[in-house]
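For the protein sequence lines, the chains are A and B, in the order given. To convert, note that position 304 of the first sequence is 1686 in our numbering; the numbers rise steadily by one, no gaps. To convert, note that position 267 of the second sequence is 275 in our numbering; the numbers rise steadily by one, no gaps.
Hints were generated in silico from the structure; no laboratory data involved. Just so it is clear, CB atoms sit at the ideal spot from N, CA and C, and this is done for glycine as well. There's no promise every hint is true.
Here are some of the chain B residues that sit facing chain A, going by a computed Cβ distance under 10 Å [what the hints assert, rightly or not]: (1) F47; (2) L103; (3) A108; (4) L112; (5) L116; (6) F122; (7) V272; (8) N274.
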Amino acid sequence: MKVAIAAAAVVAVLLFPVVFRGPYPQHLMILILLNALLGTAWNILGGFAGQISLGQATFFGAGAYTSTLLFQHAGLSPWLGLLAGAAVAVVLALAIGYPCFRLSGHYFAIATIAIGEIAGIAVTNWEFAGGAVGLFLPVEGEGLAAFKFGDKLGYYYVIAGLLAFSVTLAAWLRRGRPGYYWRAIREDQAAARSVGVPALRYKQLAIAISAALTAFAGTFYAQYLLFIDPPSVLPLSLSIQICLVAVLGGAGTLVGPLLGAAVLVPLSAATSVALGGSGRSLDLVVYGALIMVIAVFEPSGLVGIARRLRKHLSAQR
Amino acid sequence: MNAALVAQALVSGLLIGFVFALIAAGLTLIFGVMEIVNFAHGEFLMLSMYLSYFLHASLGWDPIAALPVNAVALFALGVIVYYALIRRVLRAPMLAQVFATFGLGVFLQNAAQFLWRPDFRTLGDTWVTGRLSLAGVYFSGPQLAAAAGAVLTTGGLWWLLSRTEIGRALLATAEDRQAASLMGINPDRMFALAWGLGAACVGVAGALLSTFYYVFPQVGGVFALIAFVAVALGGFGSVVGAFAGGVLIGVVESLAGVFVAPAVKNLFVFAIYLVVVLVRPRGLVGKQ
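Between the sequences and the hints, there should be enough to build the whole structure, so can you do that?
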């Protein structure tokens, strides 16, 4: 059953751009896949290991800026930039994790906010990285090797591939020893340590993987939109949105972030198309109200609704 | 770098720091009693500032005179938010609680933008316009009044919590919900009271800030972020800690703005936070 649903979802994602050829539906779907990737990355750290990060934008920005600067100044292929960005994000993540994992609960979350804000302010005042003006990516050549595509289709399959890699990695980790250790740390760190779980090492593993995947998304974003600046890749609002995707979908589950992105992205697009035209942010009023409603009525996320639905159906049978 | 400049930066930092302290005190009170961080705290502040603006613009009421109105209105808002929203997520996981208040913040901020447009508004002349000069150091009238009001209010809150029966009941609920209810304290009403008092703190802060700060839908974000850091810096749940955290942040921000660059002043605020919690993971005066 689960395998069948997963296979159907993969086929649907692969066929989507063949059926919907317009640039807007394809753009929307790219945003869904991008958010699903970000949510999956957050979920490894926040959902599996229980360390709530509100500073994921730091890693997103590390990916976007590293690959862009290497491309502009050294002519490095964005594909190598993708890996370099992930490497920088991992180094940052380990440097952040080592001291900050001594904190727990709200203290850790606020520390990640503080680090995210520091990164934003630092890049805004860093002339070499374009400062507050941002960086434009020059368009030189097209095709898979250049990571530049004339239409949306190429970007679509790249982000779909990155997402598939991330979900597979997350599923594999969750099934193995790290998954069990993370769950033990999340439920009760002291108890986990008392039975010999090396808590710090496994939390570092979680933040490093989460950061690398988030940096992948950052490089993709830069290549897709061809312009980055601190308000677009390093804001607190992005960090919160990433967390929101995973939590509204269902933190700690594999499908949660995918479900969250599939619902949240079209929802915010639809409300802004229907209500945002006036420039008076009615769309965000509705969005805020919906977040409250979901938090109150389905605190375990959309996955909880799906579960209840399934129970309901099997009870009827 | 002369002495007068240092003195001026210290004074300005202290004055705004007292206001940060009051906002942080409201946040930490709510957290201390029920372990929920109010991510809509900044939006409560914003609503209070708009209230001052409209009372001033339409009725001609001075924000300082109308201060009790703000306090009562925000107290009522806090209680309503508790009963309508927070009570429903009391037993939910921490993340659901975060998003309930976060969603409320998004809702309020954008409702304000929808109703009142994103314009920056100022109140113009109020009772406290002007400035004092003392030994070469200037004290801006509105900031002096705001600092005095904030110190009095935070002091009042501290007195209420530590010296009155109802304050002790609040602290008892914070300490141990079940034990408190066995002593005949209704935790539900204590939680509502905490939300009312926490919101009333930003009600007062909003009225005080409206005399010299722009009023616009996103104004809460600026202060809320600082309040989160102040609360964590002092130690979640401690009013004294939040006060110390707020004042420390005001001074650090002001000194960094003068001696490094205004653009990077918050960098120092966040860096100080990290240094403090890494040395003392429970904040300056937090309990272990």
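Taking the hints in turn, this is what the structure says about them:
Of the supplied interface hints, the one on F47/B holds, with its beta-carbon coming within about 9 Å of a beta-carbon of chain A, less than 10 Å. Interface hint at L103/B: satisfied, since its Cβ lies 5 Å from the closest Cβ of chain A, which is below the 10 Å cut-off. For A108/B, the interface hint holds, since its Cβ comes within 10 Å of a Cβ in chain A; the closest pair sits about 4 Å apart. Annotation: interface hint on L112/B holds; nearest CB of chain A at approximately 6 Å, less than 10 Å.
The closest approach between the C-beta of L116/B and any C-beta of chain A is roughly 8 Å, which is under the 10 Å cut-off, so the hint is satisfied. Evaluation of the F122/B hint against chain A yields a held restraint, the C-beta minimum of about 5 Å falling below 10 Å. This hint holds: V272/B has a C-beta 6 Å from the nearest C-beta of chain A, less than the 10 Å allowed. With 10 Å as the threshold, the beta carbon of N274/B comes within range of chain A, its nearest partner Cβ sitting at about 6 Å, so the hint holds.
Comparing the model with each earlier hint shows no violations; every hint is respected.
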